[in-house]
Amino acid sequence: MKKDITFVLNKEEVSMEVDPRWTLLYLLREVLKLTGTKEGCGYGECGACTVIVDGKAVNSCIFPVMEAEGRNVTTIEGLVSKDGSLHPLQQAFADHGAVQCGFCTPGMIMSAYALVSENADPTDDEIKGSIEGNLCRCTGYVKIFDAIKSAAGR
Amino acid sequence: MELNVIGKRIAKKDAPSKVTGRAMYIQDVSLPGMLYGKILYSRYPHARIKHINTAKAEKLPGVKAVLTGTTIPPFKFGFYKDNTPLKTEKVCSLRDEVAAVAATDPEIAEEALGLIEVEYGELPGIFDPVEAMKEGAILVHEGHVGGKEKKPTNVLNLPWRLMSGDVQSARKEAAFVVEGTYSTQWVTHCCLGTSGCIAQFDIANNLTLYSNTQIPFLAQKDFIEALAAFGMKGRRVRIIQTAIGGGFGSKLDTYAYEYIAILLAKATDRPVKIIFTREEEFIASSPRQPTITRISQGCTKEGKLLFRDVEMILDNGAYASWGATTPNVMMVPISSLYKVPNIRYVAKCVYTNNTYSQAFRGYGNPQATFAIESSIEELAEAAGIDPYEFRLINSNEPGELTPMRCKVTTCGLKECMAAVRDRLGWNGKLHQKTGRGFGMASLMHVGGGARVYKSDGCGTTIKVDDFGKFDVFTGSTDIGQGSETVIAQIVAEVVGISMDDINVINNDTEVCPWDVGAHASRTTFVAGNSALHAAQKMRQQILEAAAHGLGEDPSTLDIKDGQVFAIHNEEKKISVGKVARSVHYTAGGRMLVAECFYDPPNENPDREFKGNTSVTYAYGAHGAEVEVDRQTGRVKIINYVAAHDVGKALNPMLLEGQISGGGVMGLGYALSENMVYKDGRLMNANYLDYKLLTARDVPPMETVIVETDEKDGPFGAKGIGEPGLVPTAAAVANAVYDAVGVRIRDLPITPEKVLAALKAKEKLGE
Numbered sequence: 772m773k774k775d776i777t778f779v780l781n782k783e784e785v786s787m788e789v790d791p792r793w794t795l796l797y798l799l800r801e802v803l804k805l806t807g808t809k810e811g812c813g814y815g816e817c818g819a820c821t822v823i824v825d826g827k828a829v830n831s832c833i834f835p836v837m838e839a840e841g842r843n844v845t846t847i848e849g850l851v852s853k854d855g856s857l858h859p860l861q862q863a864f865a866d867h868g869a870v871q872c873g874f875c876t877p878g879m880i881m882s883a884y885a886l887v888s889e890n891a892d893p894t895d896d897e898i899k900g901s902i903e904g905n906l907c908r909c910t911g912y913v914k915i916f917d918a919i920k921s922a923a924g925r
Numbered sequence: 003m004e005l006n007v008i009g010k011r012i013a014k015k016d017a018p019s020k021v022t023g024r025a026m027y028i029q030d031v032s033l034p035g036m037l038y039g040k041i042l043y044s045r046y047p048h049a050r051i052k053h054i055n056t057a058k059a060e061k062l063p064g065v066k067a068v069l070t071g072t073t074i075p076p077f078k079f080g081f082y083k084d085n086t087p088l089k090t091e092k093v094c095s096l097r098d099e100v101a102a103v104a105a106t107d108p109e110i111a112e113e114a115l116g117l118i119e120v121e122y123g124e125l126p127g128i129f130d131p132v133e134a135m136k137e138g139a140i141l142v143h144e145g146h147v148g149g150k151e152k153k154p155t156n157v158l159n160l161p162w163r164l165m166s167g168d169v170q171s172a173r174k175e176a177a178f179v180v181e182g183t184y185s186t187q188w189v190t191h192c193c194l195g196t197s198g199c200i201a202q203f204d205i206a207n208n209l210t211l212y213s214n215t216q217i218p219f220l221a222q223k224d225f226i227e228a229l230a231a232f233g234m235k236g237r238r239v240r241i242i243q244t245a246i247g248g249g250f251g252s253k254l255d256t257y258a259y260e261y262i263a264i265l266l267a268k269a270t271d272r273p274v275k276i277i278f279t280r281e282e283e284f285i286a287s288s289p290r291q292p293t294i295t296r297i298s299q300g301c302t303k304e305g306k307l308l309f310r311d312v313e314m315i316l317d318n319g320a321y322a323s324w325g326a327t328t329p330n331v332m333m334v335p336i337s338s339l340y341k342v343p344n345i346r347y348v349a350k351c352v353y354t355n356n357t358y359s360q361a362f363r364g365y366g367n368p369q370a371t372f373a374i375e376s377s378i379e380e381l382a383e384a385a386g387i388d389p390y391e392f393r394l395i396n397s398n399e400p401g402e403l404t405p406m407r408c409k410v411t412t413c414g415l416k417e418c419m420a421a422v423r424d425r426l427g428w429n430g431k432l433h434q435k436t437g438r439g440f441g442m443a444s445l446m447h448v449g450g451g452a453r454v455y456k457s458d459g460c461g462t463t464i465k466v467d468d469f470g471k472f473d474v475f476t477g478s479t480d481i482g483q484g485s486e487t488v489i490a491q492i493v494a495e496v497v498g499i500s501m502d503d504i505n506v507i508n509n510d511t512e513v514c515p516w517d518v519g520a521h522a523s524r525t526t527f528v529a530g531n532s533a534l535h536a537a538q539k540m541r542q543q544i545l546e547a548a549a550h551g552l553g554e555d556p557s558t559l560d561i562k563d564g565q566v567f568a569i570h571n572e573e574k575k576i577s578v579g580k581v582a583r584s585v586h587y588t589a590g591g592r593m594l595v596a597e598c599f600y601d602p603p604n605e606n607p608d609r610e611f612k613g614n615t616s617v618t619y620a621y622g623a624h625g626a627e628v629e630v631d632r633q634t635g636r637v638k639i640i641n642y643v644a645a646h647d648v649g650k651a652l653n654p655m656l657l658e659g660q661i662s663g664g665g666v667m668g669l670g671y672a673l674s675e676n677m678v679y680k681d682g683r684l685m686n687a688n689y690l691d692y693k694l695l696t697a698r699d700v701p702p703m704e705t706v707i708v709e710t711d712e713k714d715g716p717f718g719a720k721g722i723g724e725p726g727l728v729p730t731a732a733a734v735a736n737a738v739y740d741a742v743g744v745r746i747r748d749l750p751i752t753p754e755k756v757l758a759a760l761k762a763k764e765k766l767g768e
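If you read the sequences in order, they're chains A and B. Counting in this note's numbering, the first sequence runs from 772 upward without gaps. Counting in this note's numbering, the second sequence runs from 3 upward without gaps.
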């Protein structure tokens, strides 16, 4: 039943046995204990589980684990520098009050990360578009938008 | 007084851990040997339980315990004591818990639920509260009686009546009277982090519950009672709160799932974790109840309000939780928003076979304000007075004693209204019915705690270590609003130390002093005052200890950046850490520890529900400019302004977050959110069909902070957690009316309703 998988996770190569029925989220949270990625719904509607696969934001809760084979996966844990300094997006979320309960925050930051990684100067509409698949119940998105706008291009 | 920390836009203390994914939510916690609990819910909204067979489930490898209502000790919970962890004879809603399983992994537990055979005798259900009130209606709880004759009834025995003055005479006297019926829908909190807990017993049967509750100390009390019923009288209960993935009132009560986790942990002698799935969160957490409000108001020829007469029916659902007490809080706006000399308010909470209602940000005030502020505009129109002017004529003012005996201390309502008018560019309403229009609504809410229990208190303890680092132990709970940060700011400001030197401990009943819970927008005011007074005592202790070493009088010393120094000679100084060491390393030494229990001087309501329930009241006004598409009925918010009297903004950035967060939540309430129930079954129990607003739906939203410097608030602050969503729906409804001339009296304001109203109006015109 189990299959071998090799992929890059937060800049380190990972080779391991997985159950092909797992989702990528299951592998991250339950097996690798990378609990920074959250499960908010389990069916790809809230975006709390967003991670980056080959530069694109995906909902890891509906992403079959075998699809990660040979690919490059980045999670919220991968954004912090080796010296412990925060990514500009993470810093901006803190500095702009874009975090309240924080449960949506890792997914929200990863969606924004996918945007700013390929677009240094996004329009307001592109910023909204990048996070429209991420639900937040606390902030009303206003300060999240401000945070992303300030971090873009830095 | 120069402020160094208060009033500054300071990032939340927990932001670094949250932006890096390090914060541990209940979902992220696991304990050695932990089992996973799952709950089997009823198949019918109303049925007899005839028989439950758990044999097959018990035999499934990995299953460690299966419980049903008949295998657990009898126990009732909820303030009305009408609910049980697992139902025995009858189920009253589709969320009724029938059986529970603990297994080595969640999938096995889920599989075991499918193996439990339950034989039901289906009963006809009652889902409409108006029907449920009628004589001879199907009874949700046959044993529940009410009225003078003690007859079986679905109407809860709760005395929600407020009478002041003479409404009947005032009605006769009034030059203009309007009457309307307004209704609201079921809406749910949708916390991104679902409900959950882990129950763990030690060898002596003391319970530790890892939890995301908003009421650690009241929950502790509930669980101690439960342990007594479960044969563990006198045992201790410790609540450890994880990071909380949203609260909004949903975690303000204890729930069956928590008692079930406790029972499963006891049955298996292993830690048991229950985490709701998203579907479960929709179905089995307790939402904001629908209301049907008949309101009439009257005024003089000059537009002075004479009376307000309100009758309300609330769908309580199948069991009583705090939702049934929301009419008590609604009394504040109903009796006291604007100057209204004569008041009559009667509310009835009615059992139905729907889910059951709970607290939700605003605690009834959004429902009440939707009716009041829609009706105000109808009355203004009847009187031929501009609604803005009409509100000004009747605005609350400082020094007022309202019919409920709320004492208005500071009141920035007029300033808030003016800010909304100016920022929206609303210089005289359009009144053109051109498809574009303005609308406004005001609010009044408790802002200085709320005495709903006998105590409205919160404790704080502060200690200093040998290195000048401060630990602040507070009873208050941070559900994301940032109370941890605001409390640290208060302590930093008062003592004269850096925010970085303060650690706030707010998540453990075994360590933290008591508090009544995160509700009623009370935390900044009550926990803030508690921290303020404790910090003042701590400062004094430090000054006295330092005075000894410096050979100075304490009154000649000050503290800045963690250094105690002589005011007349700043070179003469000693660090706070050194002061702490000096008192520790001394013969007959002592500790630097300060504490304060602050219980605000507000009043429990008397038998007539009158009394100054809050030390002060928060006011605000919201305004919307909307565009209504006559072809589709779609309402588009062009611009939105939310102005709030906050007393004093202790941290403007976090405060704006409360206002815009509440505002957007309110826009969802106004426009799109609706739990669609059909015969007790929730038809849209997922994020696809339950329409939360997304980042793309959010209009330009400006927040305006009005400071009135409340003398009893910490540094002048009032509570502001809930008000952001209170007037939103009414502001939007009023704007829709201004835009196209139709008044939507039933939330949410969907395109279908607007279109139907437009068509009906057209027909009338023909």
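Any given hint could be a false lead.
[Said to hold, decoys possible] Computed cross-link-like contacts, DSSO-like style, restricted to lysine-lysine with a CA-CA straight-line distance of at most 30 Å: (1) B:Lys10 - B:Lys92; (2) A:Lys853 - B:Lys471; (3) B:Lys755 - A:Lys899; (4) A:Lys773 - B:Lys713; (5) A:Lys773 - B:Lys61; (6) A:Lys920 - B:Lys693; (7) A:Lys899 - B:Lys92; (8) B:Lys92 - A:Lys827; (9) A:Lys899 - B:Lys58.
[Unchecked claim] Residues of chain B placed beyond 12 Å of chain A at every Cβ, according to the derived structure: (10) Gly9; (11) Ile12; (12) Leu194; (13) Arg280; (14) Gly484; (15) Leu656; (16) Gly659; (17) Ser662; (18) Asp699.
Everything labelled a hint here was simulated from the structure, so no lab data went into it. Beta carbons: idealized from backbone N, C-alpha and C, even for Gly.
Tested hints:
1. B:Lys10 - B:Lys92: violated (56 Å)
2. A:Lys853 - B:Lys471: Measuring from Cα to Cα gives roughly 27 Å; hence the hint holds.
3. B:Lys755 - A:Lys899: holds (28 Å)
4. A:Lys773 - B:Lys713: violated (67 Å)
5. A:Lys773 - B:Lys61: Since the Cα atoms of Lys773 of chain A and Lys61 of chain B sit roughly 27 Å apart, the hinted pair holds (cutoff 30 Å).
6. A:Lys920 - B:Lys693: holds (26 Å)
7. A:Lys899 - B:Lys92: Outside the cut-off at roughly 49 Å; violated.
8. B:Lys92 - A:Lys827: The given pair, whose Cα atoms are some 51 Å apart, is violated under the 30 Å limit.
9. A:Lys899 - B:Lys58: violated (51 Å)
10. Gly9: holds (15 Å)
11. Ile12: At roughly 9 Å from the nearest Cβ of chain A, Ile12 of chain B sits no farther out than 12 Å, so the non-interface label is violated.
12. Leu194: violated (4 Å)
13. Arg280: violated (4 Å)
14. Gly484: Not fine: 7 Å to the nearest Cβ puts Gly484 of chain B too close to chain A.
15. Leu656: violated (6 Å)
16. Gly659: With a cut-off of 12 Å, Gly659 of chain B comes too close to chain A, as the shortest Cβ separation is near 5 Å.
17. Ser662: violated (4 Å)
18. Asp699: Given that some Cβ of chain A is not farther than 12 Å from that of Asp699 of chain B, nearest at about 8 Å, it is violated.
Checked against the numbered hints given earlier, this structure breaks hints 1, 4, 7, 8, 9, 11, 12, 13, 14, 15, 16, 17, 18; the rest are met.
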